[in-house]
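Below are the chains, spelled out letter by letter.
Protein chains: 2
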Amino acid sequence: MQTLQIIKIGGDIINHELKLKQFISMISEIKTAMILVHGGGKLLDQLASRLGIEQQMVDGRRVTDAATLELASMVYAGGINKKIVALCQSQGLHALGLSGADNNCLQAQQRKIGENDFGFVGDINKEGVNSKFISLLLSNDIMPVFCSITHDNQGQLFNTNADTLASVIAQSMSSFYDVKLIYCFEKNGVLRNIDDEESVIPSINTNEYKTLQQEGIISKGMIPKLDNAFDAIQSGVQKVTIMHALHILKNNQDESNVGTKISL
Amino acid sequence: MQTLQIIKIGGDIINHELKLKQFISMISEIKTAMILVHGGGKLLDQLASRLGIEQQMVDGRRVTDAATLELASMVYAGGINKKIVALCQSQGLHALGLSGADNNCLQAQQRKIGENDFGFVGDINKEGVNSKFISLLLSNDIMPVFCSITHDNQGQLFNTNADTLASVIAQSMSSFYDVKLIYCFEKNGVLRNIDDEESVIPSINTNEYKTLQQEGIISKGMIPKLDNAFDAIQSGVQKVTIMHALHILKNNQDESNVGTKISL
Chain C
-16 MQTLQIIKIG GDIINHELKL KQFISMISEI KTAMILVHGG GKLLDQLASR
34 LGIEQQMVDG RRVTDAATLE LASMVYAGGI NKKIVALCQS QGLHALGLSG
84 ADNNCLQAQQ RKIGENDFGF VGDINKEGVN SKFISLLLSN DIMPVFCSIT
134 HDNQGQLFNT NADTLASVIA QSMSSFYDVK LIYCFEKNGV LRNIDDEESV
184 IPSINTNEYK TLQQEGIISK GMIPKLDNAF DAIQSGVQKV TIMHALHILK
234 NNQDESNVGT KISL
Chain D
-16 MQTLQIIKIG GDIINHELKL KQFISMISEI KTAMILVHGG GKLLDQLASR
34 LGIEQQMVDG RRVTDAATLE LASMVYAGGI NKKIVALCQS QGLHALGLSG
84 ADNNCLQAQQ RKIGENDFGF VGDINKEGVN SKFISLLLSN DIMPVFCSIT
134 HDNQGQLFNT NADTLASVIA QSMSSFYDVK LIYCFEKNGV LRNIDDEESV
184 IPSINTNEYK TLQQEGIISK GMIPKLDNAF DAIQSGVQKV TIMHALHILK
234 NNQDESNVGT KISL
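Residue numbers (this note's numbering), protein chains in the order written: chain C, -16 to 247; chain D, -16 to 247.
Derived from the structure by calculation, the hints contain no laboratory data. One thing to keep in mind: the hints can contain errors.
One copy or any two copies: either way a pair holds, since identical chains are not told apart in the list.
Stated by the list, open to error - Derived DSBU-like pairs: lysine-lysine, alpha-carbon spacing no greater than 35 Å straight-line: (1) Lys193 <-> Lys4; (2) Lys2 <-> Lys95; (3) Lys4 <-> Lys25; (4) Lys4 <-> Lys95; (5) Lys2 <-> Lys115; (6) Lys109 <-> Lys14; (7) Lys14 <-> Lys170; (8) Lys4 <-> Lys115.
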């Protein structure tokens, strides 16, 4: 099977124009098929603050009321997505920006109200991914660039976690491609000591993950990301790595030495 | 050749959720291939006002400074575009939202500074339309939904007039399709008396257009729209009509009696 790299980029890259340009210039040298998935960065918070739309967080996760969903759709699917796409195009990457509503790419269900009501947050699994359409784009040398907006195919948009999107897209596409999922962020990998960039844990398997959580070495914020990473590797994704965004080329040149590799 | 309808919708439809739903429900009954092109409506002005970003107009046209371009990209390519796409999907239309940056769909040039500096406004002609990619989408039963954001393929986004976009897309696609271009707005057609919806001029040819301008019957605001309409008909577009958005189905049932037909 052909190789497909699915690269999730987070706020650190998106918030810094220069780093974003550097990153896109780097990935323009990658020769395999690629999909980008991006989160929102600080721009949504900044815009909400300027508009006086209060943001409610529960356990570090955003409650998406109707006003916040409208901002998310504007900031993620419009502002950030088109900036990334235009930069990619300028570097010769045939980028196409997508929300989940576009040609029903990513169909989600509104999160059920449990202990908390997260509002217009969509949950998605690999069955919600329109892999046929994504394959059509890839086979035409087009690089999909997904923002973290999904829909229910009934006219309702949702805000969806970008790490989860990257994971379910990877799971779905692994039926057709040899998929490498790369979570890029601002650290060198999963760190044993969060203050020491040299303390990268080179690989974590399912058992080690449990132990690292029990020992409190893997902290609260990393757990959802790692859960998504393990979901992917357990669902047939060939390789999952968590690494610094600007090491992306090093990862392509020398596979063994960069970031944290997730294994079964 | 196959028929392709290119439908431009303006602010009146976009600003009214109910009318927008009604319109999309109507076009979901149309069986030919379609492309939608949408403008911005009042949402950009509203957001700019809430954020205290002053809007400068010259001869009724918006000056697009950097802050306004960012808002335009958010509102047009994000908020409005994804709302339309999600509604289309809910009605069974396989809609795909696009800005000009996406896969280099619409490549424009920044407007030269003449008497006025319009800032980040992009001018485009039919050579800037990626008709090959648009044809790929249409042949896969996908309906492109264009917002009025273009780019220069060097990383710079532009704000571009949506009427012009509809015209140049129609011109470009007329090499491959029997193209019908429909400008939808809130009036029944080009009116002889702007206060009388019954005074629709049923057809206007190039000579009549000149006379109507000389007589002052066609007013300032309609001239750019009609210029775009005549550009299209003069460049091989099969049929160009200016009509009320909610008469779109009537137009499909009985071609002769709706709106104002533009002819050579």
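Here's how the hints hold up against the structure:
In the homo-oligomer, the alpha carbons of Lys193 and Lys4 never lie at most 35 Å apart, since the shortest distance is 37 Å inside one protomer and 50 Å across protomers. Within a single copy, Lys2 and Lys95 get their C-alpha atoms only as close as 37 Å, which misses the 35 Å cut-off; across copies the closest is 31 Å, which meets it. Taking the shortest alpha-carbon separations for Lys4 and Lys25, both the intra-copy value of 17 Å and the inter-copy value of 33 Å come in at or below 35 Å. In this homomeric assembly, Lys4 and Lys95 come within 35 Å of each other (Cα to Cα) only across copies, at 26 Å, whereas the closest approach inside a single copy is 39 Å.
Within a single copy, Lys2 and Lys115 get their C-alpha atoms as close as 33 Å, and across copies as close as 33 Å, so both meet the 35 Å cut-off. For the homomeric pair Lys109 and Lys14, the shortest alpha-carbon distances inside one copy (26 Å) and between copies (32 Å) are both at most 35 Å. Taking the shortest alpha-carbon separations for Lys14 and Lys170, only the intra-copy value of 25 Å comes in at or below 35 Å, while the best inter-copy value is 52 Å. Taking identical chains as interchangeable, the C-alpha atoms of Lys4 and Lys115 lie at most 35 Å apart whether they share a chain (30 Å) or sit on different chains (28 Å).
The structure does not agree with numbered hint 1 stated previously, though it agrees with all others.
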